[in-house]
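Asks: Given next are the chains, with one letter for each unit.
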Amino acid sequence: MFSKRARMWLGLIAALSLLSLASSCGGPKTDDNTNTGDGGGKAYTSKGDEGTVTGRVSYTGAAPEPKKIDTSADAACSAKSPNLTNEDWVVKDGKLANTYVYIKSGTLADGTKVTDYSTWPNMPTSATLDQNGCHYKPHVLGVVVNEPITITNSDPTTHNIHFTPKNNPDWNQSQVNGAAPMTHKLAVAEVLVPVKCNQHPWMKSYVGVTKHPFFAVTGEDGSFTIKGVPAGKYTVVAWHEGGANGTEKTMEVTVPAKGAATADFSFGATALGQPSSLQMLPAIEFPMMGKH
Amino acid sequence: MSKSVHRFALLVACATFFLIIAGANVTSHDAGLATSDWPRSNGTFFPKMVGNLFWEHGHRIVATGVGILTIALAVYLQIRERRSWVKRLGWIALGGVIAQGLLGGLTVKMNLPLAVSAAHATLAQLFFLITVSLAVFTSRHWVTPESSVTENGAGVSLRSLCVAALAVILTQLVLGATLRHSATWDQDLPTGLLLAHVGGAIAVTLILGATAATVLLRHRTEKYLTRPALVAATLLFIQLLLGLAAYITRVASPYDPQPMTPMVSVTVSHVACGALVFATTIVLTLRVFRVLRVDRQEYVLAPA
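Line by line, the protein sequences are chains A and B. If you read the first sequence in this note's numbering, its first letter stands for residue 1, the second for the next number, and so on. If you read the second sequence in this note's numbering, its first letter stands for residue 1, the second for the next number, and so on.
A portion of the hints provided could be inaccurate.
[Stated by the list, open to error] Here are a few chain B residues that sit away from chain A, every Cβ distance over 10 Å (derived from the structure):
#, residue
1, Leu33
2, Lys48
3, Val50
4, Leu53
5, Phe54
6, Arg80
7, Lys87
8, Val149
9, Leu216
10, Arg227
11, Leu242
12, Cys273
13, Leu276
[Claimed, not checked] Derived DEER-like restraints, expressed as beta-carbon distance ranges:
#, chain 1, residue 1, chain 2, residue 2, range
14, A, Gly259, B, Gly105, 52 to 60 Å
15, A, Pro148, B, Phe45, 54 to 62 Å
16, B, Gly105, A, Lys258, 36 to 44 Å
17, A, Met182, B, Cys14, 39 to 47 Å
18, A, Met182, B, Lys3, 53 to 61 Å
19, B, Pro113, A, Thr262, 53 to 61 Å
20, B, Phe289, A, Glu248, 37 to 45 Å
21, A, Gly268, B, Ile61, 47 to 55 Å
22, A, Ala62, B, Thr261, 38 to 46 Å
23, B, Gly43, A, Ser154, 34 to 42 Å
24, B, Pro262, A, Lys92, 30 to 38 Å
25, A, Ala79, B, Thr205, 35 to 43 Å
26, B, Gly43, A, Thr250, 45 to 53 Å
27, B, Arg83, A, Ala187, 37 to 45 Å
Calculated directly from the structure, the hints in this document are not laboratory data. Heads up, the beta-carbon is just placed ideally off N, CA and C, and yes, glycines get one too.
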């Protein structure tokens with residue numbers, strides 16, 4: 001049917017197609033920012049002497065100016081949020097909002113580990129992620145594994161909610177204006193899962209998923225409180241977005257029985273994160289491009 | 001051979017080029033999942049074209065148009081074309097565009113896995129290869145060549161150079177597609193793939209440059225060959241500049257609020273110019289195979 005030359009061409013085309021598939025197949029990404037140790041499935045029983053971890057997250061140096069977002073691609077967004085700005089670094093009086101703070105690991109006073117337990121008193125049972133004004137509210141959200149996240153659309157336009165986790169399955173659903181709320185659960189602990197709207201590409205949010213309820217998100221004053229923490233020694237992590245994977249700050253704290261531990265964190269210009277391609281290719285680095 | 005068939009084949013090739021640009025816009029805008037539906041968008045074939053749905057659904061509309069044009073071309077060739085292998089190529093093109101549509105749907109339904117998205121981008125270039133080839137095969141110059149060029153066996157074979165150039169360009173397009181689909185604007189560029197793409201650019205420059213230089217040195221009076229060689233070399237130069245610009249704009253605004261118009265326009269231009277380099281190299285290669293005759297010297301052993 002085909003000549004020898006035609007067969008050669010078809011063979012070449014088939015080989016290149018296979019090359020394409022082979023070059024694009026990679027192993028799954030791993031994320032070591034999580035407290036993903038398989039819990040022993042034990043339930044923690046309150047001893048009545050739990051304490052708290054409190055603190056404040058500050059930003060040192062000149063805070064980055066919020067960048068105005070061009071929402072003109074969708075008139076509904078322009079009308080509802082004419083002055084929308086990015087929320088990467090929300091700084092007020094040197095205090096940093098939207099920082100996710102959580103207990104990464106630790107040992108309770110009785111010698112057991114945080115990761116030994118899968119059930120804790122006062123586990124949150126529901127959270128809401130609202131699309132309002134073509135941005136997500138809240139910008140950073142904390143949940144426990146398998147906690148239902150109710151997703152609502154308060155805008156007069158269609159959104160799509162796209163969870164892009166590394167350890168959980170990818171999830172993307174369109175939600176037209178006026179549609180009923182949707183629910184989504186994340187079954188594996190992961191800090192943090194980016195959420196975006198491919199319809200309105202400036203929209204992004206982050207969801208921290210842990211196996212325990214010991215997390216908090218800083219408010220506008222940079223403060224946070226994690227309640228109900230059993231007495232013990234813990235590694236507390238403050239995570240803030242920036243770059244592809246965010247920036248972490250770590251601190252060791254000791255929570256006394258019925259007492260409070262303090263964990264103050266500070267982020268600055270160096271925490272913004274740089275694309276790894278610039279770091280890996282210094283020969284073609286453009287110094288003026290590194291400022292964000 | 002019919003002039004109208006050639007014009008129609010040319011139209012399909014041009015429409016395919018436009019479709020590649022539309023597809024590049026989907027990737028650069030990160031619009032591939034602007035709707036979780038396929039083939040409908042948000043439950044309808046006529047959604048409100050706002051936000052990134054403009055790019056995703058627009059790409060689907062252009063693809064539908066190319067699909068219809070390809071059906072018409074296959075039927076047209078079946079009716080008007082005498083050469084059976086050209087008719088067959090028309091049906092292969094139709095099979096290619098159907099497979100391409102299904103791959104496009106599959107990648108949306110599977111939330112853009114890299115392997116499927118890269119295969120979708122690669123098949124786009126292969127389909128473009130077929131449509132450009134059909135335009136060449138139905139041209140008057142192909143059917144009745146006005147000249148025949150002879151090349152003695154000395155030196156590197158021009159035919160081999162052309163095939164090597166075509167193969168290395170296609171490989172480079174596959175690498176570029178994989179690079180683009182493996183890192184959206186909010187992720188770091190994978191360094192290994194980036195370096196491979198830079199290496200590919202060097203290989204394309206060397207081989208395509210050598211091919212064009214060989215054509216110009218050996219057959220400078222043969223415009224049928226020198227024209228596509230000059231166009232390919234010029235486009236290659238522009239493509240290298242666009243590649244550098246695409247990298248600069250990408251690293252300059254990796255996490256800024258999107259859409260970033262400079263980054264999108266430069267990367268889309270880079271994809272479009274890459275397709276044009278490929279197209280002109282296809283034309284050059286086919287023409288070389290059509291008019292070049294290799295004169296192999298016969299050596300006769302002297303009697304003992």
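Asks: Look at each hint and say if it fits the structure.
Replies: Do the hints match the structure? See the list:
no.: 1; hint: Leu33; in the structure: 4 Å, violated
no.: 2; hint: Lys48; in the structure: 7 Å, violated
no.: 3; hint: Val50; in the structure: 4 Å, violated
no.: 4; hint: Leu53; in the structure: 6 Å, violated
no.: 5; hint: Phe54; in the structure: 7 Å, violated
no.: 6; hint: Arg80; in the structure: 22 Å, holds
no.: 7; hint: Lys87; in the structure: 13 Å, holds
no.: 8; hint: Val149; in the structure: 19 Å, holds
no.: 9; hint: Leu216; in the structure: 26 Å, holds
no.: 10; hint: Arg227; in the structure: 24 Å, holds
no.: 11; hint: Leu242; in the structure: 15 Å, holds
no.: 12; hint: Cys273; in the structure: 20 Å, holds
no.: 13; hint: Leu276; in the structure: 19 Å, holds
no.: 14; hint: Gly259/A x Gly105/B: 52 to 60 Å; in the structure: 59 Å, holds
no.: 15; hint: Pro148/A x Phe45/B: 54 to 62 Å; in the structure: 33 Å, violated
no.: 16; hint: Gly105/B x Lys258/A: 36 to 44 Å; in the structure: 60 Å, violated
no.: 17; hint: Met182/A x Cys14/B: 39 to 47 Å; in the structure: 43 Å, holds
no.: 18; hint: Met182/A x Lys3/B: 53 to 61 Å; in the structure: 57 Å, holds
no.: 19; hint: Pro113/B x Thr262/A: 53 to 61 Å; in the structure: 46 Å, violated
no.: 20; hint: Phe289/B x Glu248/A: 37 to 45 Å; in the structure: 59 Å, violated
no.: 21; hint: Gly268/A x Ile61/B: 47 to 55 Å; in the structure: 48 Å, holds
no.: 22; hint: Ala62/A x Thr261/B: 38 to 46 Å; in the structure: 27 Å, violated
no.: 23; hint: Gly43/B x Ser154/A: 34 to 42 Å; in the structure: 20 Å, violated
no.: 24; hint: Pro262/B x Lys92/A: 30 to 38 Å; in the structure: 31 Å, holds
no.: 25; hint: Ala79/A x Thr205/B: 35 to 43 Å; in the structure: 49 Å, violated
no.: 26; hint: Gly43/B x Thr250/A: 45 to 53 Å; in the structure: 47 Å, holds
no.: 27; hint: Arg83/B x Ala187/A: 37 to 45 Å; in the structure: 59 Å, violated
Hint compliance for this structure: hints 1, 2, 3, 4, 5, 15, 16, 19, 20, 22, 23, 25 and 27 are broken, all remaining hints hold.
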